[in-house]
Amino acid sequence: MSITAASGFRAAGVWAAIKGSGKPDLALIVSDRPAAAAGVFTVNRFRSVDVELDEARLAATGGRASAIVVTSGYANTMTGPGGRRDAVAIGRAAARLLKVPEREVLISSTGAIGFRLPVPRVIRGLRKAVRALAATKEAGMAAARGIMTTDTHPKQAEARFSDGGRVFTVGGIAKGVGMVAPSMATILVYVTTDAAVPPAPLRRALVAACADTLNAITVDGQMSTNDSAICLANGAAACRALSGPGVRRFAAALHEVCAALARQLVADGEGATRLIRVSVTGALNAREAALAARAVADSALVKTMFYGRQANWGRIAQALGASGARFDPLRVTVRVGGYPAIRGGLLVKPRFELYSRLAEAEVPVAIDLGAGRARASVLTCDLTERYVRINAGYLS
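For the record, in the sequence shown the residue sitting at position 229 is 229 according to the working numbering, with numbers rising by one throughout.
Read the hints as simulated data drawn from the structure, not as lab findings.
A virtual CB, placed ideally from N, CA and C, is assigned to each residue, including glycine.
The reader is advised that the hints may include incorrect statements.
Unchecked claim - Straight-line C-alpha distance at most 27 Å; calculated DSS-like pairs for lysine-lysine:
#1 Lys-137 / Lys-23
#2 Lys-99 / Lys-128
#3 Lys-19 / Lys-137
#4 Lys-99 / Lys-137
#5 Lys-128 / Lys-23
#6 Lys-19 / Lys-128
Said to hold, decoys possible - Listed next, with one range per pair, are the computed distances between beta-carbon atoms:
#7 Ser-162 / Ala-59: 16 to 24 Å
#8 Ala-112 / Ala-59: 24 to 32 Å
#9 Ile-390 / Val-207: 27 to 35 Å
#10 Asp-32 / Ala-252: 24 to 32 Å
#11 Arg-45 / Arg-326: 50 to 58 Å
#12 Ser-21 / Ala-252: 33 to 41 Å
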């Protein structure tokens, strides 16, 4: 399960001395041939210069890329013209080392906001990374480690599909367990495939895959300035472009990878001890379904309730009522862990068996607003003292 699982991709992860810890802080992902590329990015108004540079390069190339450079430690956000020069210098150095066009090198950064990248150290790290490039699982794992910040472990996923008698692979890595409330894809996510998918259908598939996976998660309700999800398709397994059914099979595999990465990200949420799946049905429209689901999933009171394993259903009712979704409270029903929690405008006394259910690794919250047919789902986690400790000491 690796970013190198697809044919024609190599990767590396090294320590470039961006972080003082000695842990990997630079990742390099390279396609052995120019690849179709698509990306979706944060809509935060304070966006990293890397995000702006990547969008410009994808537009200039018509959706082509050969390499992705990722640094971990500093976000290269709110760094002004100097930060942009830093990103360009890093991309230029990578292009020279890899002998690829500069505009086909994409850049990502993650870490503390407001600090410029140590360019000389990054370039020295790039030289190490180029020497370490390999198509092995170990190299893919190294790259997954190289993009981590407060993650406790790497996130990887892989899926396969067939078309025209050939088997193709989709592999991905991701990072980000805090400042997670995406409105694009989420955090930093990189996916590769050895199928030949042109840029336009590749972007459509990526946007669709993100919609109910990477874009339907939250850890703390905070949208990052650097969120990026990038997919490269190099056609190494077969140069012929996928057929219509093949594109649909690819889209399904891409969705599978994104869903697996999304789940891993939330499960490793800063300080998290359990997953909470908030599913809303019976909303007037899709927007209001999402509003209701997100309000409950983002509620600090709801999240701490689950951490404490308490059946304080009034917190769910409060979040729903403030969400902006329209409904009659008397028609709302809520079930937690399969047990009734709210019915007919009243709280339902919890059954004794519920408390063991609240201690499980994942707890479902099913909400029916009784107002329509629209639905939405958001995956979140509980909120613990460890989240506070991590972020009280994290400079960002």
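Compare the structure with the hints numbered earlier in the document and write down the numbers of the violated ones, lowest to highest. Of the numbered hints given earlier, those the structure breaks are 7, 11, listed in rising order.
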